[in-house]
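Protein chains in written order, with our numbering: chain B, 2 to 344; chain Z, 3 to 348.
Hints are supplied without guarantee of correctness; some may be wrong.
[Said to hold, decoys possible] Here are the in silico distance ranges between beta carbons for each label pair:
id : chain 1 : residue 1 : chain 2 : residue 2 : range
1  : B       : A243      : Z       : Q150      : 51 to 57 Å
2  : Z       : D55       : B       : G220      : 41 to 47 Å
3  : Z       : P206      : B       : G248      : 25 to 31 Å
4  : B       : C199      : Z       : T325      : 22 to 28 Å
5  : B       : Q155      : Z       : P56       : 45 to 51 Å
6  : B       : Q155      : Z       : E335      : 55 to 61 Å
[Claimed, not checked] Under the rule of at most 30 Å between Cα atoms (straight-line distance), these lysine-lysine pairs were calculated in the DSS-like manner:
id : chain 1 : residue 1 : chain 2 : residue 2
7  : B       : K183      : Z       : K342
8  : B       : K183      : Z       : K266
9  : B       : K215      : B       : K183
10 : B       : K247      : Z       : K68
11 : B       : K183      : Z       : K202
12 : B       : K184      : Z       : K69
13 : B       : K76       : B       : K308
14 : Z       : K69       : Z       : K202
15 : B       : K153      : Z       : K211
16 : Z       : K68       : Z       : K211
17 : B       : K153      : Z       : K202
No wet-lab data here; the hints were simulated from the structure. Even for Gly, the Cβ is constructed at its ideal location relative to N, Cα and C.
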Amino acid sequence: MAIKNKYKGNGFQSHENQNSSLSKEILVGLYRDMLRIRRIEEAIESRYHEDEMKSPIHLVMGHEAISVGSCSTLKIDDLIYCGHRTHGHYLAKGGSLKGMLSELYCRANGCSGSRGGSMHLLDKSVGMAGSSAIVAGAIPIATGAALSFQLKQQDRVSVAYLGDAATEEGACWEAVNFAALKKLPVIFFCENNFFSVCSPLEVRQPPNVEIYRKAEGFGLPAVQIDGTNILDVYDSTQEAVARARKGDGPTFIEALTYRWRGHGGAGDDSASGYRDPEEVQHWEQYCPVDGFYDYLIKMNLYSKAEKDLAEKEIKEEIEEAFDFAISSPNPQEIDLYTHVYSQ
Amino acid sequence: MPWAEALLASKSNELPCSQEGRVLSYVDALNEAMALALGLDPNVIVLGQGVNDPKGMFGVTTDLHKKFGVERVFDTPLSEEGLFGVCTGAAMNGIRPVYLHNRPDFLLLAFNQIVSHSSKFHYMDNGETNVPLVAWAAIGRGWGSGAQHSQAIQGLLLGVPGLKIIMPSTPYDAKGLMLTAIADNNPVLIFEHRWCMRNKGVVPEGIYKVPIGEGVYRRKGTDLTIVGTSHSIELATQAVDQLNDTGITADVIDLRTIKPLDEKIILESVQKTGKILIVDTGWEMGGVCAEIGCLVAEKAFSYLKAPVRRIGLPDVPSPAGFTLEQFYYPNEENFSQVIKEMVEKT
Numbered sequence: 002m003a004i005k006n007k008y009k010g011n012g013f014q015s016h017e018n019q020n021s022s023l024s025k026e027i028l029v030g031l032y033r034d035m036l037r038i039r040r041i042e043e044a045i046e047s048r049y050h051e052d053e054m055k056s057p058i059h060l061v062m063g064h065e066a067i068s069v070g071s072c073s074t075l076k077i078d079d080l081i082y083c084g085h086r087t088h089g090h091y092l093a094k095g096g097s098l099k100g101m102l103s104e105l106y107c108r109a110n111g112c113s114g115s116r117g118g119s120m121h122l123l124d125k126s127v128g129m130a131g132s133s134a135i136v137a138g139a140i141p142i143a144t145g146a147a148l149s150f151q152l153k154q155q156d157r158v159s160v161a162y163l164g165d166a167a168t169e170e171g172a173c174w175e176a177v178n179f180a181a182l183k184k185l186p187v188i189f190f191c192e193n194n195f196f197s198v199c200s201p202l203e204v205r206q207p208p209n210v211e212i213y214r215k216a217e218g219f220g221l222p223a224v225q226i227d228g229t230n231i232l233d234v235y236d237s238t239q240e241a242v243a244r245a246r247k248g249d250g251p252t253f254i255e256a257l258t259y260r261w262r263g264h265g266g267a268g269d270d271s272a273s274g275y276r277d278p279e280e281v282q283h284w285e286q287y288c289p290v291d292g293f294y295d296y297l298i299k300m301n302l303y304s305k306a307e308k309d310l311a312e313k314e315i316k317e318e319i320e321e322a323f324d325f326a327i328s329s330p331n332p333q334e335i336d337l338y339t340h341v342y343s344q
Numbered sequence: 003m004p005w006a007e008a009l010l011a012s013k014s015n016e017l018p019c020s021q022e023g024r025v026l027s028y029v030d031a032l033n034e035a036m037a038l039a040l041g042l043d044p045n046v047i048v049l050g051q052g053v054n055d056p057k058g059m060f061g062v063t064t065d066l067h068k069k070f071g072v073e074r075v076f077d078t079p080l081s082e083e084g085l086f087g088v089c090t091g092a093a094m095n096g097i098r099p100v101y102l103h104n105r106p107d108f109l110l111l112a113f114n115q116i117v118s119h120s121s122k123f124h125y126m127d128n129g130e131t132n133v134p135l136v137a138w139a140a141i142g143r144g145w146g147s148g149a150q151h152s153q154a155i156q157g158l159l160l161g162v163p164g165l166k167i168i169m170p171s172t173p174y175d176a177k178g179l180m181l182t183a184i185a186d187n188n189p190v191l192i193f194e195h196r197w198c199m200r201n202k203g204v205v206p207e208g209i210y211k212v213p214i215g216e217g218v219y220r221r222k223g224t225d226l227t228i229v230g231t232s233h234s235i236e237l238a239t240q241a242v243d244q245l246n247d248t249g250i251t252a253d254v255i256d257l258r259t260i261k262p263l264d265e266k267i268i269l270e271s272v273q274k275t276g277k278i279l280i281v282d283t284g285w286e287m288g289g290v291c292a293e294i295g296c297l298v299a300e301k302a303f304s305y306l307k308a309p310v311r312r313i314g315l316p317d318v319p320s321p322a323g324f325t326l327e328q329f330y331y332p333n334e335e336n337f338s339q340v341i342k343e344m345v346e347k348t
């Protein structure tokens, strides 16, 4: 059953007259980071059919503003936890592209040593502390990290990224309840893209009860924002981070966005009938990356020549990283048996 | 009288202990272990539903919150999966949680975190992150505990890589293994048995450790080997002692840990006696007995003089009523009978 433009986004309509207090350098950096993630995902997608990346992939096209906008408000020792759609968060938190691609190519030097794959990108050195392919599995873990910060009186925050379907799991609300109870420095960041695999929100949650409203019921501040608008994402996350650092407890952010590709693998699968291809096209008009480019141009903060240079640099970086990953060594049999237990 | 106390009062029991020294109850030994750990390491926390209440989780956590503060010793929302995940996340960041449940049945709600998260992160991130957490639960038996308050679920978890599973039977081991578990950098499950928790025994003061993964001989003999843990090995020991007059002697091995399994001590004894009886508080089907039986068949078959025997629970839920319980749980007499059969008829 096709769903005719069921889930409409406001996209950059809300963004046009926005003013940001951020410096030009930061704003351009935000754009460049989003562009980089977009191009990396496109490169992965274009090579996926070669069947050499023997890992399920969950592409983040459409979600770039969330990864970059939120991670940009964090320090390196702040920790992030996420679900199966990891690429954007990993890269935005400062993860190594070579480490990520090596992981996708199942190489020994992948960021998780070929034990994680795309769904479990992990890198403690940049605060990519946990990702779980069991929906909602990482939410209580992020909450536990925040408990450790509170117990150790550390000035750190943790972020739990979750999808709309994660709010259908009990563990999500168990964690939210505990975080509110203990005033933990954690941010619950819900990326509502309206689909869980192929199941639309309307068959999973009752109408007219928005997700952030449910969170509000647990007694913590909750907001709903435009997840394609990086300035909204940045500002709301920054506010939540400040609240957490002050000891005022958790925040729940629901960012509306859209998954341009299928749940997993390469390409858009809307022709299969679970969503209307026109709905995908509708959301593509509100591209978080291109829309922000238009904004920067309009505000005279950026130029076509600067973008061209960025594109060139990103292309070179991606090609080098793919060459690195493909020429990296495979794990040995003995690697299978290491790190089952910590000594 | 509340059921737990009634149960505890129903039989007096004090296992013989070869060491001399201070005698402590099982519950006090556990309390002392946690107090020592809390005092030694500011990263240790103790949590669970009811740890602060006047009953203090059967007395195991009594007054710990008064000594160490409610920031480190605290009652929790029920939320078993959520809180197990919280413990996992805290452990991944240097905290050493001891998360208590009054029954293993409640851990079934946390299987997602136990099986797919706590025991997996060290491996999934290539050894970078440790998960030093202890989950504790006491297996119930009798007085109407029934199908949902007396399940011994260790067999369900035995096959999960990355976990350690401890099942003590004496106050000495309960304290020492608790301390060792808290000091371990992996997720460790401790399954106590409510009937072992009435024991008293010699317990040294201060810190000491009992190694995880090492069994110990409770009795030495020649006619057969009996291996197991917890309340089952306690019953087996009593049965062997009762058979003293018949001249039957057995190696009685308390494994203390079922994962990792002390293969060495099992095989060493079977090579000597040629007969093995495996006992467990859980179901026989697909459980600890089955695993050890297979181990012996694979690695000591040529030494066997008789079929492997096991005593666990039938493939039946725990009944709640007193009379049905008598048919369900193996007792000392059942143990004696099987031992005699194994010695005399084979």
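Hints the structure violates: just list their numbers, smallest first.
1, 2, 3, 4, 5, 7, 8, 11, 17
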